[in-house]
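> Could you put together the complete structure from these sequences and hints?
Residue numbers for the sequence shown follow our numbering, so the first one is 3 and each next one is one higher.
Just so you know, the hints here were simulated from the structure itself, not pulled from any lab data. A portion of the hints provided could be inaccurate.
[To be verified] Between beta-carbon pairs, the in silico distance windows are:
(1) 71 x 95: 28 to 34 Å
(2) 109 x 69: 17 to 23 Å
(3) 81 x 34: 48 to 54 Å
(4) 70 x 28: 34 to 40 Å
(5) 34 x 91: 26 to 32 Å
(6) 35 x 65: 35 to 41 Å
(7) 45 x 109: 15 to 21 Å
(8) 70 x 31: 43 to 49 Å
(9) 100 x 69: 39 to 45 Å
(10) 96 x 3: 34 to 40 Å
(11) 3 x 111: 42 to 48 Å
(12) 71 x 98: 29 to 35 Å
This structure is a prediction, so every number in the text was calculated from the model and none was measured. Virtual Cβ for every residue (Gly too), placed ideally from N, Cα, C.
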Amino acid sequence: MKVLLAIVGLVGMAVGAMTLLNASSAGFPDGYISPYDRSTAVWVTGLAYGLLLGGVFTLVAGLKGKWRRGVVGAIVVGLGWGGLVVLENCWSLGWCPPIYEQLTGTMFDDGQGG
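Here is the structure:
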């Protein structure tokens, strides 16, 4: 169980760090950042930090043998990862753009031209 929690913690930390790197380099080469990226930047950054901290918590709990705390950390990592998957792939999910449009009152624009 220790090894499994340590692996989940390391993966959570890696995904969180890579997401933060991706969020800091968002935009097109000309500097344009789409309205969708601007509106979700805070959420993506928050989820990435949550993943990073959840990964650290899971890793430490796993290495100390506190498996119940480690499982809680693993659940946090899983929920954070699920949220990031939805935010990053919203344009390809059929149910996501209509929800985004109803919540924000704006048309879904991911910056990809036609």
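> Between the beta carbons of residue 3 and residue 111, is the distance compatible with 42 to 48 Å?
With a Cβ separation near 46 Å, residue 3 and residue 111 satisfy 42 to 48 Å, so the hint holds.
> Measuring from beta carbon to beta carbon, are residue 70 and residue 28 in 34 to 40 Å?
Since the Cβ atoms of residue 70 and residue 28 sit about 37 Å apart, the hinted range of 34 to 40 Å holds.
> Is 43 to 49 Å a correct range for the gap between the Cβ atoms of residue 70 and residue 31?
48 Å, holds
> Given the hint of 26 to 32 Å, is the C-beta distance from residue 34 to residue 91 inside that range or not?
Because 20 Å falls outside the window, the suggested range is violated.
> Quick one: are residue 71 and residue 98 within 29 to 35 Å, going by C-beta?
33 Å, holds
> Holds or violated: the 35 to 41 Å window for the beta-carbon distance between residue 35 and residue 65?
39 Å, holds
> Take a look at whether the Cβ-Cβ distance between residue 96 and residue 3 falls inside 34 to 40 Å.
39 Å, holds
> Verify the CB-CB distance for residue 109 and residue 69 against the hinted window 17 to 23 Å.
Cβ of residue 109 to Cβ of residue 69: about 47 Å, so the range 17 to 23 Å is violated.
> A range of 28 to 34 Å was offered for this pair. Does it hold for the Cβ distance of residue 71 and residue 95?
At 33 Å between Cβs, range holds.
> Is 39 to 45 Å respected by the C-beta to C-beta distance linking residue 100 and residue 69?
41 Å, holds
> Given the range 48 to 54 Å, decide if the beta-carbon distance of residue 81 to residue 34 lies inside it.
31 Å, violated
> Within 15 to 21 Å: is that where the Cβ-Cβ distance between residue 45 and residue 109 falls?
Holds, since residue 45 and residue 109 (Cβ atoms, about 19 Å apart) stay within the stated range.
Checked against the numbered hints given earlier, the structure breaks hints 2, 3, 5 and satisfies all the rest.
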